[in-house]
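Undergrad: Residue numbers (full-length UniProt numbering), protein chains in the order written: chain A, 1 to 575; chain B, 1 to 575.
Keep in mind that the hints were calculated from the coordinates and are not lab data. Wrong hints could be hidden among the right ones.
Heads up, the list lumps identical chains together, so a pair's fine if it works in one copy or across two of them.
The list that follows gives simulated cross-link-like pairs (lysine-lysine, DSS-like), each with its CA atoms no further than 27 Å apart [said to hold, decoys possible]:
1. LYS47 with LYS554
2. LYS129 with LYS163
3. LYS433 with LYS163
4. LYS163 with LYS289
5. LYS554 with LYS125
6. LYS525 with LYS492
7. LYS399 with LYS370
8. LYS289 with LYS336
9. LYS370 with LYS433
10. LYS380 with LYS289
11. LYS399 with LYS163
12. LYS380 with LYS399
Protein chains: 2
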Amino acid sequence: MSNTANTTPRQLPPGLDQAKFQSFLSRAWDICGTENVDVISPTTELKDGHYMDPCKAHDMHAVYERDYFVASAVLFPRNVPEVQQLVRLANEFVVPIWPFSIGRNTGYGGTAPRVPGSVGIDLGKHMNKVIEVNEEGAFALVEPGVTYFSLYEHLVKTGLDQKLWLDVPDLGGGSIIGNAVERGVGYTPYGDHWMMHCGMEIILPNGELVRTGMGALPNPDSSPDLPPHEQPPNKCWQLFNYGFGPYNDGIFSQSNLGIVVKMGIWLMPNPGGYQAYMITFPRDDDLPKIVDIIRPLRLQMVLQNVPTLRNILLDAAVSAPKSSYTSEAGPLSEAKMDEIAAQLDLGRWNFYGAVYGPEPVRNVLLTVIKEAFLSIPGSKLFLPEDRKEPHSVLRTRAKTLQGIPTIDELRWVNWVPNGAHLFFSPISKISGKDANLQYEVTRRRCTEAGFDFIGTFTVGMREMHHIVCIVFNREIEDERLRARWLIRTLVKDCAANGWGEYRTHLALMDQIANTYNFNDNALMKLNETVKNALDPNGILAPGKNGVWPQSYEKSKWVLGESEPWEPAGVGSKSS
Amino acid sequence: MSNTANTTPRQLPPGLDQAKFQSFLSRAWDICGTENVDVISPTTELKDGHYMDPCKAHDMHAVYERDYFVASAVLFPRNVPEVQQLVRLANEFVVPIWPFSIGRNTGYGGTAPRVPGSVGIDLGKHMNKVIEVNEEGAFALVEPGVTYFSLYEHLVKTGLDQKLWLDVPDLGGGSIIGNAVERGVGYTPYGDHWMMHCGMEIILPNGELVRTGMGALPNPDSSPDLPPHEQPPNKCWQLFNYGFGPYNDGIFSQSNLGIVVKMGIWLMPNPGGYQAYMITFPRDDDLPKIVDIIRPLRLQMVLQNVPTLRNILLDAAVSAPKSSYTSEAGPLSEAKMDEIAAQLDLGRWNFYGAVYGPEPVRNVLLTVIKEAFLSIPGSKLFLPEDRKEPHSVLRTRAKTLQGIPTIDELRWVNWVPNGAHLFFSPISKISGKDANLQYEVTRRRCTEAGFDFIGTFTVGMREMHHIVCIVFNREIEDERLRARWLIRTLVKDCAANGWGEYRTHLALMDQIANTYNFNDNALMKLNETVKNALDPNGILAPGKNGVWPQSYEKSKWVLGESEPWEPAGVGSKSS
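Next comes chain A alone, as it looks inside the complex (with noise of 0.2 Å):
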């Protein structure tokens, strides 16, 4: 079957005409074949997909309407020069595009671009090797198609997952550089991704090939004959990040500046043992007492890891769906939430870590730790072993906090029947007054909201990443309508408390981008500036995180923070 028949997409690209968006296609087929062009067409239909398999540019959780953050073509690159000359070629027509890896993370956007009718790039189909993994060195170098999954199946076919560990985030289906690159993280001690990457190889909004850090620093193995692409990596690319010189690799983290087509990330070596557990707190308002307790733990190291404080609802939604635990609607009562809570054998604040190393200092470590956690009066410590039911999410996380990747934990999204999912995700100081007053504030406007506080604390080295988990039904637009309110209000009353959030959906890039407005946008401008400079003709992922390139009038792109939907009541006192 051709892909050429059909050239009309649902949505043409800013700017041009169907004329101009059919001479765009016929030239990108000439770069990477016909049958790596999609159209999306008013005749594509617009799937919910599931996740191992999300359908591609649009907003499979329709936030908006769905013909609203929707691509106009998605084009499937087989290699670095081909997305050079994609890249190239959008400077010629102005056609917005948008790369992603995978574009697995839908609950910030998934693979749906911000400007409709953006070109999307999957770099992620083709350009999906394993470069190297190097024992020696202790990291991988990938394409942005490797999964945690591929590489996990990588490393346990060569023998050497026994000994260097991944770190995976919830579910193993993302992209390794798509995570990295959104600053997304996971659950051993290397979970900082973006910490633990070393080394990329990046296009920029020109086709220009630029290998960052150590990686500027050709091999004396290079050759004249190869492309630079293929260029043998400098042997310390992957061991030192830095390099020489402003150190630029940030700048292409949540950004439009690039598209990063290699990138090397830190593997960790086998610690020599481990042991998960979790220790369930009975009451609500142990919050602050358990976050009071983690912080100098954390901050010891003592607990080694990226440890998580999950609210009983994202487990008890593992376990089951709403409905088989109520059949009310609206939020769930506190009484209700103590008796799943019980059903369950957990506590309405569930903590999970690990444990690194021999076991002289595993003992050591576990002693400290339940010596501390298990002065709040009822909690209890588990270990995987300990949880005999299906779906355990200690059992889960027992493999997610060595670096072995499931996709478990998705059944919380099917809490409330066409789960669709957004996710709201301040930083907060890990103290337990902080942390009480964002679990107090983010679940009052749940429950306005009309939905259940679905929330976990994901604890890095001194703050944590607070991620509510807003679970709607994507068939009914009151739900999407109520949503929409929830977030927009939830990032207003955060930013009032001096709150920001760490990365977010489409949808919400510029009201957030908007909260970090210190001295008159300063931060902002440098933004624009540097945007303008590397992308005059401002075709690279226009608007992402609320960087909208010279050539675009913002005010005709950013959305309205007014939603349709307010709590009865409630008002304009949202502001």
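Here the structure of chain A is known, so what remains is to put chain B in place on it, guided by the hints.
TA: Coordinates of chain B only, in the frame set by chain A:
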């Protein structure tokens, strides 16, 4: 005494005549007060200074003539708005400015500017407040003039030194901001100072004030009555580096894109126990064995900190000058180095490490460490109390490795009379083969240049900073020229092996930047594009690390790589 008397500098800024320079000065007087403007006049003595009081604004080691890397004047702004005004003034007059915090790292050029006649901006003299030490968050927020000594004193005075440890480099007189921004290292588990910084306030080349990361989100206590630089910090600014959107901090390290006026630095919680140790290895050719033992132990975090492996002569030089060991000229022989090692009860290589944590943890780690290293025949382990000699390096390192600043190690500079030094610092893989090859290449060239090899390997996570200390007599021209030939040759040799330097003296910046030339200097083109966008007039530290603004004709400013001195019989082979 008024500073207004003498307005004629040794060296005018490029493009300015005396009249225009005088107008610039009088405007600077208005901004900072006449007492805060020093002109470096023909009668200003360009002294050698000593470590705790380096003579400002020239290269005290005289790698080139003392009149070459010299400022026209030095300004001492008293606060952030004055720096902003000076930056705007520099734009108005198109005068190059060269900011420094303390300027203590004289081995890389100290306070001297890259472009002769630049105006030095001494940030440290007045802006030296410890703004906050936060015990719960384990961080400090400091100004450029805060040194390791002064922050340490602050901790001691407030009793916080019992709870929070600094990480310090070899010498404690430098600026915390300056060191981190130049990506210097220390030796505790927090040794990667750039990694451990968190949040910056930066003046851009246009004079705008930016806060990075979470600092861009206003604190709820912000007030329109306060100027931006006095706004209270966001409470997560020093807790979470990345913020939202592009993570910009890196482009302000080793760069000429902004002036850092506030920075957060993470402090290490007292680990609950500590033990420093030294292991001596008798033979020069033990090097590869030692390094191959280090790698897995460091990757496993059995070596928890940034340990060092020092060549005998570095320790011998701390103990006494060369003249006390020999009256012969030229590099010491193998036999002589063995003799010195025996005399000092040291090895040809000496490894300085420490274990951190409660006693049971330390015992486990020390057992593994001993078992591994003491397998090398003749190796010996010492604790600080074992060493009774004056100026024991181990006793000094026992302070350094727990974050207590010292200046004892400055003594090695006196290896030769009028001892000056230059650092050559390539990055090496942690592998016996690579370390050995790098040692062989660098030592051979030192010998050809007539110098002793004095060096140390500083062990990062997956790489080593190999620091070769080129010590020469600054009053003997021949020695200066030999040092220059040596370092230029080492840069070439290392590049040919695929090794690059992480940092360098002013004189070498262009040469080293040129070795990072993958894909037709794609990285430098990126750096230049960003530079020109943020600093269109090219006023901020032009030429720093090889990045020249468009307003400078690069070829006019780059120093030639051929040197007047060459070893007999080597000739052009050195290239």
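Undergrad: Run through the hints listed earlier and report the numbers of any the structure violates, in increasing order.
TA: Going through the list in order, the structure violates hints 1 and 5 and respects the others.
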